[in-house]
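Chemist: In order, the protein sequence lines correspond to chains A and B. Under our numbering, residue 162 is the last one in the first sequence; the count climbs by one each step, no gaps. Under our numbering, residue 1222 is the last one in the second sequence; the count climbs by one each step, no gaps.
It should be emphasised that the hints constitute simulated quantities derived from the structure, not laboratory data. Among the hints, erroneous ones may be present.
[Stated by the list, open to error] Below are the BS3-like pairs computed for lysine-lysine, each with C-alpha atoms no more than 27 Å apart in a straight line:
{"no.": "1", "chain 1": "B", "residue 1": "K1167", "chain 2": "A", "residue 2": "K58"}
{"no.": "2", "chain 1": "B", "residue 1": "K1174", "chain 2": "A", "residue 2": "K56"}
{"no.": "3", "chain 1": "B", "residue 1": "K1068", "chain 2": "B", "residue 2": "K1053"}
{"no.": "4", "chain 1": "A", "residue 1": "K128", "chain 2": "B", "residue 2": "K1009"}
{"no.": "5", "chain 1": "B", "residue 1": "K1170", "chain 2": "A", "residue 2": "K58"}
Note that this is a predicted model, so its numbers are computed, not measured.
Each chain, letter by letter, is given below.
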Amino acid sequence: MKALIILLCLTTSCSLTSSKYSSQNPDFYWSILENATEQKWTKSQVLKMLGPPDEKHKHTEREEAISWFYSNRKNNFQEWVFSFDSDGIVEGVSYFPNDLMISSFSIEKIMTRWQSLNCQHKVKQVLKSHVIKKEKSLSCDNNKRTANYNRYNEVEYISVRK
Amino acid sequence: MAFASSCPKDMYLVREHKRQAHYRNDGTYVSGTTVSSHCRHYRSEGPLDPKFKNEMPKGWPYKKETFKQCPKKKKEKILNILNSLPNILTQIGKLTIYCPSKSETPNNPATSAPDDKIISLYDSSFEMDTKRVITHELAHILWARLSSNEKKTYYSASQWKEDPINKVYKTNRKTFSAPDGSHDPEEDFANNIEYYLTENTKFKSNFPQINTWIKNLFGDTK
């Protein structure tokens, strides 16, 4: 199913407007999240899947490295970030599930989907000048796949890096 | 019991879990049981229950800080301030307050640990507008208690974006209620709550979208 969606999207002009928001199909989002780094997508493949980004951010400390940001067209909430290396290959992708998708990306669903990837719940202390924070995440595949969640166990974002 | 996976907008789902037998702080015995899945309101920790403590909290990262007893006058001042603040900042159940001498971080009047609902007010916080300092620290605690959707709406209203892979926050805004708000959305949020409550006319004029967002969140809270 995943492969079929990817194939259809890459061979036709499956852009943001034509597919993403009309279908609201969780498989489509999962396939991007899991394939972008694994299949070493280029910028043109991301463009084909999601269209042009809303914003780009160049990483001054890493020459040529860049991130592309996408927002949901309906509510303008941030939805995707793709991080490209200096060769223009996706090195990491983060997805922020919106209201309609949140039940398809719950901690339980992620654990089931990634159960073979040695997932562990982690709590990390993070210091930010005068604030001592605890960040909670589900970490899988040696930290290559993570889902950060809040005190209500709501997934805030899922990241996959190469 | 099979419970709907979605809850009303102002509630979140608590999945079925085992509860160990325990005693509440007031001595009431609570028996062990299996708690069924249910929906619970966000920020439902109940009325403020402030506790003053003298020893360094467990896991406190700033080991060089000296903890001591909070003098009666300071305690009274803190409690008066807490009573004067909007409910959304103070209805957090147990709040542990410390009065250490000095922060390890230069020019820092207070430190908070939002997930453990702790605030440390250093001596210098009593030589400035203490109410602003406490408001700011409680705003950090409020940030940790926002729902995922509330955070999304705040990011949108305040024009923040996040890149978790590179640990970068990005905004196109050129102005902030306080300079360190440009570092990240949480610090910006705490500053904005502080300025919303203390310099509202100016804040409303400079940041109308954020002002509306805070007004909606606060609702008709005291």
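Chemist: Evaluate each hint against the coordinates.
Modeler: Against the structure, the hints:
1. K1167/B / K58/A: holds (13 Å)
2. K1174/B / K56/A: holds (17 Å)
3. K1068/B / K1053/B: Holds: K1068/B and K1053/B sit about 8 Å apart, inside 27 Å.
4. K128/A / K1009/B: The hint is violated at about 31 Å.
5. K1170/B / K58/A: Holds - the C-alpha atoms of K58/A and K1170/B are around 11 Å apart, at most 27 Å.
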